[in-house]
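Keeping their order, the protein sequence lines are chains A and B.
Per the numbering used here, residue 14 is the first one in the first sequence, and the count goes up by one each step.
Per the numbering used here, residue 14 is the first one in the second sequence, and the count goes up by one each step.
Honestly, the hints are just simulated from the structure, not real lab data.
Some hints could be false.
Some, not all, of what chain A presents toward chain B, calculated at C-beta under 7 Å [claimed, not checked]:
(1) R269
(2) H279
(3) A283
(4) N287
(5) A288
(6) R289
(7) L290
(8) V293
(9) E294
(10) E295
(11) D314
Just a sample of chain A residues kept apart from chain B, beta carbon distances all over 12 Å, derived [unchecked claim]:
(12) N270
(13) E275
(14) R277
Using N, Cα and C, we set each Cβ at its ideal position, and we do this for glycine too.
2 protein chains.
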Amino acid sequence: MRLQPQAPFLGGDGPHTNVVMSCRVRLARNIAGFPFVNRANHTQRAEIANLAKTVLLGIGESERMIWVDLHQSPEQDRDLLVERHLISRQLASSDHPRGVAISENESLSIMVNEEDHLRMQMILPGLQLEAVHERLNQLDDAVESRLDYAFAQRWGYLTACPTNVGTGVRLSVMLHLPGLKLSKEIDRVRRAAKDLNLAVRGYYGEGSESAGDFYQISNQITLGKTEDELRRDFHESMVPAIIDYEQQAREMLLRRNRIRIEDRVHRALAALRNARLLGVEEAMRHLSKLRLGIQLRLINDVDVRAVNGLFLQVQEAHLRLHQQDDTLCEDGLLEARATLVRQALAGGSST
Amino acid sequence: MRLQPQAPFLGGDGPHTNVVMSCRVRLARNIAGFPFVNRANHTQRAEIANLAKTVLLGIGESERMIWVDLHQSPEQDRDLLVERHLISRQLASSDHPRGVAISENESLSIMVNEEDHLRMQMILPGLQLEAVHERLNQLDDAVESRLDYAFAQRWGYLTACPTNVGTGVRLSVMLHLPGLKLSKEIDRVRRAAKDLNLAVRGYYGEGSESAGDFYQISNQITLGKTEDELRRDFHESMVPAIIDYEQQAREMLLRRNRIRIEDRVHRALAALRNARLLGVEEAMRHLSKLRLGIQLRLINDVDVRAVNGLFLQVQEAHLRLHQQDDTLCEDGLLEARATLVRQALAGGSST
């Protein structure tokens, strides 16, 4: 299983990438004539997976699609796909015929036999939901031309979980909010987001912690609004408001207590450059401060792309892949992670 | 008040300075014809101080003695003398006629009107208690030739507190025990020391914490043993045993978990070189690890003398003196301390 060195969900070039790592649109679709995944038996699930595989490998136009048969693949590959946000933990740990189709640049992935028959997601760096949406719609149309979707005139697209019924669209952005975290305003933003019917989740989605000060914010209502209304509200009003809060928090921190921010940022870089044993939580925490420091121009000798890449590379499955060693013990992982980070951030002294 | 840049109690060249920062002998003496300090009135205390001042300024032979009138001196000067271990906190904060005579190199100091009329101490770097004892005895003889000491044939020299009666001698060593601390063996050593009738105290003596992994170990029995017996037991048996434990602990740490020690040491240096705000406790903790790292040859670009000096310079009164600013607020101190340490340890990157 080959994977790109960089993952689109961790940003790159795009609008507002100082706060918005990436944006994502997800569609839930089911194939007519089959029960929902949780009601289907083994044979039916295998049929769905085979059908989906054939259709999805056939629709790649601008770029090649690859298929990963998750029922056959080793645990480490599945963990790797979870860390890259290409499949959910739930899909990784299931035990039935299932798979994922992934575009070569990893922007697009379609999980098969997760909660729904098809869960399609498109990710692009920065805030560009319209582009994402447009490309995902093209895919949706291409798939629909070869498959009958489960659809009811009255409800729209049918999905296994009622919260997705209707357009079946979920929009989300991965935000980096170290300013709001440091200024302890994050809980206020969480509450405000909840009042606006937005879900706020951690780095790995539902139930995960906000490692590295990353927050996934997504819309929750799908019924009763058109896709355009949903997207416009989210893209033009809600997300920009949070970006604005974060920018204000960063400026406030610099203005009111510049030395304290400098202290946090330089200590974080120093720890990353000097630790000999490094846990993933600690690494994420320091990388977050470092990314903030680069954007505030407090750190000038580190490339933000190296930092974005490290958020991924410090994860356990990526680290094992890098080490080419499945059997590393806990201490071995801590040491390998420290070495990897130290080498990636080597350079001028940060004094 | 002029003070030397380096203080003898923080080590330098001498035997076993990798563990023994310094050794100290203290004598308690009282002048015949005056009540003990706690029974004397203001006039009597003033008389004692004047008499002592005259005698002590007269006995300096090889080097000049200076006299500090603590009843007149500003609080900052007194704090400075406490940080240099030249006077006790108790003497600094009293409010009656009192003073201290100090030799120019600060090896010798005589507190006047502390618990006893005279508390003489001699400090030398490393473990060389005989040399210390000899020089202090010469001083004691010189003083006794000009003053009548309170003495009883049956008890020996009389002192305000019965635990000092007899020879009036207290021996102590300032040990740096980061190995025993890291390997969590320090409590076992504490208990063993207690069984041997040794007192184990922190960096500032009685009741103070073991900041920087420093421990003052001193003998507690004075009655019923000759000075020579006391010194021999302490110098030739007890202290060497503790030095040995510490060395074993360091070697064991290196052998069993070298990477963990490297991690601690390099993180400590990195924090010292990169913090923008630094508290005294944190500074002491990191300096201790750094000193250990230098002695274990894990760190090669830092001079241990710079580290020894910083243990003193990060203390509040020293920092204020260095900044020439009595009015620094708490945050100002944190910032000044970080800047001082960063500059003192600047140099090659520690990656």
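Here's how the hints hold up against the structure:
{"no.": "1", "hint": "R269", "verdict": "violated, 12 Å"}
{"no.": "2", "hint": "H279", "verdict": "holds, 4 Å"}
{"no.": "3", "hint": "A283", "verdict": "holds, 4 Å"}
{"no.": "4", "hint": "N287", "verdict": "holds, 4 Å"}
{"no.": "5", "hint": "A288", "verdict": "holds, 6 Å"}
{"no.": "6", "hint": "R289", "verdict": "holds, 4 Å"}
{"no.": "7", "hint": "L290", "verdict": "holds, 4 Å"}
{"no.": "8", "hint": "V293", "verdict": "violated, 15 Å"}
{"no.": "9", "hint": "E294", "verdict": "violated, 16 Å"}
{"no.": "10", "hint": "E295", "verdict": "violated, 11 Å"}
{"no.": "11", "hint": "D314", "verdict": "violated, 11 Å"}
{"no.": "12", "hint": "N270", "verdict": "violated, 9 Å"}
{"no.": "13", "hint": "E275", "verdict": "violated, 5 Å"}
{"no.": "14", "hint": "R277", "verdict": "violated, 8 Å"}
Checked against the numbered hints listed earlier, the structure breaks hints 1, 8, 9, 10, 11, 12, 13, 14; every other hint is satisfied.
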